[in-house]
Amino acid sequence: MSDYGHDLLFGSFITPTNADPQGPVRLAVSSEAAGLDVVTFQDHPYQPRFHDTWSLMAYAAARTERISLSGNVLNLPLRPPAVLARAVASLDLLSGGRVELGLGAGAYWDAIEAMGGRRLTAGQAVTALSEAIDVIRGVWDTSTRQPLKVEGTYYGVRGAKRGPAPAHPVGIWLGAYKPRMLALTGQKADGWLPSMGYLKSQQELADANARIDDAAAAAGREPSAVRRLLNVGGSFTTGTNRGFLQGPVSQWVEQLGALTLEHGFSGYIVMGDDERSLRILGGEVAPAVRALVAEHRVAAAVTR
Amino acid sequence: MSRDHGHPVRLGVALDLAQLPPHALTGLAQVADEAGLDLLAVTDSTHSIEQVSEPSGPDPWTTLAWVAGATSRITLTTHALAPTGPATVLARAAANLDLVTDGRLELGLTVVPAAADGTASPAVGVHPDAGALAETISILRSMWTADGEPVRGAGPAHRVPGADPGPAPAHDVPIWLSGTDDTLLDVAGRSADGWWMDATASGVDPSSVSSAQFRLDVAARRARRDPAEIRRLLTVATIPAVPDLVRWVVEDGVDTVVVATTEPADIRRLASEVAPAVRDLVAAARTARGTRSGPSRPARVRAARRDGIDYDDVPAGLETVEPGDARYAGMRSTYLRGGRPGLVLLPRDTAQVAQALIWARTQPVPLAIRSGGHGISGRSTNDGGIVVDLRHLDDIEVLDSATRRVRIGAGARWGGVAEALEPYGWALTSGDYGGVGVGGLATAGGLGFLARQHGLTIDHLRAADVVLADGTIVRADEQHHPDLFWGIRGAGGNLGVVTAFEFEVDQVGDVGFAQLAFAVDDLAGYLQDFGALVEAAPRDLTPFLIVGRPRGGRVMAQVMAVVNSDDPETILDRLQPFARLAPLVQQSVQVMPYTGVVHRTDDVHDAQGEPVTRSAVLEHLTPQFAEDAEQLVRSGEVYFFQIRSAGAAVNDVPVDATAYAHRTANFQVVALGASRERLDRSWDAMSHHYSGFYSSFETDLRPERLADVFPDRTLTRLRAVKTTYDPDNVFRYNHSVADASAQASPGGVPAAP
Chain G
3 MSDYGHDLLF GSFITPTNAD PQGPVRLAVS SEAAGLDVVT FQDHPYQPRF
53 HDTWSLMAYA AARTERISLS GNVLNLPLRP PAVLARAVAS LDLLSGGRVE
103 LGLGAGAYWD AIEAMGGRRL TAGQAVTALS EAIDVIRGVW DTSTRQPLKV
153 EGTYYGVRGA KRGPAPAHPV GIWLGAYKPR MLALTGQKAD GWLPSMGYLK
203 SQQELADANA RIDDAAAAAG REPSAVRRLL NVGGSFTTGT NRGFLQGPVS
253 QWVEQLGALT LEHGFSGYIV MGDDERSLRI LGGEVAPAVR ALVAEHRVAA
303 AVTR
Chain Y
44 MSRDHGHPVR LGVALDLAQL PPHALTGLAQ VADEAGLDLL AVTDSTHSIE
94 QVSEPSGPDP WTTLAWVAGA TSRITLTTHA LAPTGPATVL ARAAANLDLV
144 TDGRLELGLT VVPAAADGTA SPAVGVHPDA GALAETISIL RSMWTADGEP
194 VRGAGPAHRV PGADPGPAPA HDVPIWLSGT DDTLLDVAGR SADGWWMDAT
244 ASGVDPSSVS SAQFRLDVAA RRARRDPAEI RRLLTVATIP AVPDLVRWVV
294 EDGVDTVVVA TTEPADIRRL ASEVAPAVRD LVAAARTARG TRSGPSRPAR
344 VRAARRDGID YDDVPAGLET VEPGDARYAG MRSTYLRGGR PGLVLLPRDT
394 AQVAQALIWA RTQPVPLAIR SGGHGISGRS TNDGGIVVDL RHLDDIEVLD
444 SATRRVRIGA GARWGGVAEA LEPYGWALTS GDYGGVGVGG LATAGGLGFL
494 ARQHGLTIDH LRAADVVLAD GTIVRADEQH HPDLFWGIRG AGGNLGVVTA
544 FEFEVDQVGD VGFAQLAFAV DDLAGYLQDF GALVEAAPRD LTPFLIVGRP
594 RGGRVMAQVM AVVNSDDPET ILDRLQPFAR LAPLVQQSVQ VMPYTGVVHR
644 TDDVHDAQGE PVTRSAVLEH LTPQFAEDAE QLVRSGEVYF FQIRSAGAAV
694 NDVPVDATAY AHRTANFQVV ALGASRERLD RSWDAMSHHY SGFYSSFETD
744 LRPERLADVF PDRTLTRLRA VKTTYDPDNV FRYNHSVADA SAQASPGGVP
794 AAP
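Going line by line, the protein sequences match chains G and Y.
Take the first sequence: its letters are residues 3 to 306, numbered as in the numbering used here.
Take the second sequence: its letters are residues 44 to 796, numbered as in the numbering used here.
In short, the hints are calculated from the structure, not lab data.
All of these numbers come straight from a predicted model, not from anything done at the bench.
Idealized CB from N, CA, C, for every residue including glycine.
Hints may contain errors.
[What the hints assert, rightly or not] Here's a subset of chain G near chain Y, in silico, CB distances under 10 angstroms, partners left out:
no., residue
1, Pro50
2, His53
3, Tyr61
4, Pro82
5, Ala169
[As the list claims (entries may be wrong)] Okay, the calculated beta carbon distance ranges per label pair:
no., chain 1, residue 1, chain 2, residue 2, range
6, G, Gly199, Y, Gly595, 35 to 41 angstroms
7, G, Thr144, Y, Asp224, 31 to 37 angstroms
8, G, Gly285, Y, Val632, 22 to 28 angstroms
Model the full structure from these sequences, guided by the hints.
This is the structure in structure tokens:
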């Protein structure tokens, strides 16, 4: 039972289909209009029916004014990290600090290899992601003029140009499930961004959180240095509780509030590409969950 | 000797990321966009700076994608971008950015020599030689040709085992190459669409742009290419004098000049003073010299051209797609019919439609008009002919909210129309699918899910803009060209090209949408009962019935019905009787906006082969019809058999009010089969049940079908209208009503194939 005390974020999870090229852009604009904090996009560069997520994000960033944008999560094996770091920093500068970096080690290795990417085992991919984070943070660090050197098996760099530095401290959020990925999340990441659908139970959430906490502590970091975000699916109905996030607004508020207060989650990204759900999420659910959580946090502070 | 190859002259601005803070860059891009410049190049001069201790500038590709979102009309290009990472990913990024900007993207590439900064590391993914660039270009073009073949790259820089191709970009994205070393010139001569000279730094002296191209021309000829098809671009540091610009174009063959500047005033002056002067002088010089103008496609595209079309004679300014173009795959075919047109014309407005039509008449090949390309009849494509594709005419505008008057372009699709009307609480009955185009449906009838309450789509038409066969543009309504206005409501494909429709739409709130699946043993009995229930039902109910091929002797019937009410009790009341027709195996009833029923989709229509369909309208589902229909379904001959409600409000309209004359029918049926011969035999044997046919669903082209589509009196009147408005039978590829004699009339009209 832990609440890390972060401000709450509510966001959308957009499938970047290109059959109607402007469709995902409209959903991003609607997400902003709905009052959401962040719009996120799946990234499957090997899928011809999808936009290139990174280019779509840059385009959508120019079409919005306030909302933050992130991949959910970007595919590292097909996006070289030094280039990605420059791209993310550039868009953060252009958009006035509205970019976060959701990043994944890669899955669907057959498809990655078919595109000309390098096939790695799951274990190798975690090591590669760890090296990539060092490269990315190194590129962003312009406090030194020393050319960037990163030792590594997959993404070693010997003397690369640094910069640009992003406009704000961009959070690196990892899609992580297995122990080594969770450990890396605790050790180096700014956020954890799993999908509820891949987690079997609330107990699994708690166990994973504990692994991240332990790894953070071992690396000398506060567990609260890692924001916990969650991709969730669900639907708004007028009837009764039909399961997790399958019910009326009041049920959503209660269940998301509990995830924050009991499991420390502070970001909820809702899947479904559905404008009506986004409006309800931003207009009704978000304020109510914030109020509920604020009330409990105040009460907890007073009790202490 | 002049090198001028008559390419359109373009003036642009180059924004250097090394010199501009991000916020200034966005502002300058918008100035260039609004000022009307042709091209905006994003460049990064830090590529050439070897000092790795200097921080890197912004990422050019990301910046370009951002600028794309911040602008609305200007063409965008990278300049001297060094590709990083997998070429397959760059291909998708470029194609999709071109799609989202509706064809505003170009790609300027180069090679950056491996520097001391470790760019060859997989973390950066630069492939530092011209050979790698050649591989990249080959992969880009293969990925953009979305024809289904896996894309392979043998390396050494890009080893691609077999990527799925696609998407195709919105237009053929040209690839410009920068660089002056021999290996790069070889690549440019072999495979680039243009070569980009840079006179801002140490590259090219503006006074020697002609001699600098000599080596490129040699490289092109060595690759057996006509140097004329390689465009020439030039970056200069300051706004040149007009005479210099004109000389570069008409003497030295440069067609695109971009000025590297950070001054908004420069950009405005370039657009408002320099560009018009240069264009006028170049046009005059070209006229004087007899230079042939117009973009010429590369040899690889020209090789795919068809006979009978004078491709180089297309009116200037008209967008075209040819069989060799990347976009062709997504435009050649319709929903159910494969096509192989020789040329697709994509007019931007009504005037261009007229221009396209006048020109198309001079070409001795078939002509098709396409809005969405969904028509079951497949008349919106052809083989070897011209297609006038109206997709760009897709504006939807509310003219008067008091009378619910809405103006809709022929190229819009019904899902988009539903979406545009929803915020007003309005809807316009259309078909049963959002991907259908407005033009084809709204000139044939339009039998949709609100038909029994609100009639046909054409019953809501109040006025239309029509381009006639001779290119004249007229407005047709009850007062102006009333005969034409009558004719386009049911026989539009015979009379002209409607480019915009003015409809009076209906107030429609949320509706009940039911999908009920039945396991049917006695299909004949089921159809009779279904027919009786529909005829007796209140008008707020419009059901459609679909039957597929029987499986294991069992017939599955699916009823899709809209109840025009958001009241659950009313919805259930209307549907309950249907639930008793046969055992229900699946059911779903939802209250949703009309946009949930006819929803936006931008499916690409890419069928192959010829559809085999027959259609009909009939008054009642009589016992005799039902028995014949059961026999047809059980024969396995048809794989799709649909019955639509076509009565109630549809039949309030007098039979002679529109060219759609089936105003006594309560039902419309369509069958899709595998064999033309067998389906025709079965269907012809059932013809005594029918009172007519619906043209959009009919692929039987025998002349006697004409009398089924248009009853006697309608046909007589239509022929008179046809004689007035299309005397030369230009529009003869869609159930033409013209007499055989009219087809041989003089006037330069080619014989039908």
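Hints and how they fare:
This hint holds: G:Pro50 has a C-beta 4 angstroms from the nearest C-beta of chain Y, less than the 10 angstroms allowed. Using the Cβ-Cβ criterion of 10 angstroms, the hint placing G:His53 at the interface with chain Y is satisfied: the shortest such distance is roughly 4 angstroms. The interface hint given for G:Tyr61 is met, as the beta carbon of that residue sits about 4 angstroms from the closest beta carbon of chain Y, less than 10 angstroms. A distance limit of 10 angstroms between C-beta atoms decides the matter here; for G:Pro82 the minimum to chain Y is near 4 angstroms, and the interface restraint holds.
For G:Ala169, the suggested interface contact is upheld, since its CB lies about 8 angstroms from the closest CB of chain Y, less than 10 angstroms. Checked against the hint of 35 to 41 angstroms, the pair G:Gly199 and Y:Gly595 passes, with Cβ atoms roughly 36 angstroms apart. Distance hint for G:Thr144 and Y:Asp224: a CB-CB separation of about 32 angstroms, consistent with the stated range 31 to 37 angstroms. The supplied range of 22 to 28 angstroms is met by G:Gly285 and Y:Val632, whose beta-carbon atoms lie about 27 angstroms from each other.
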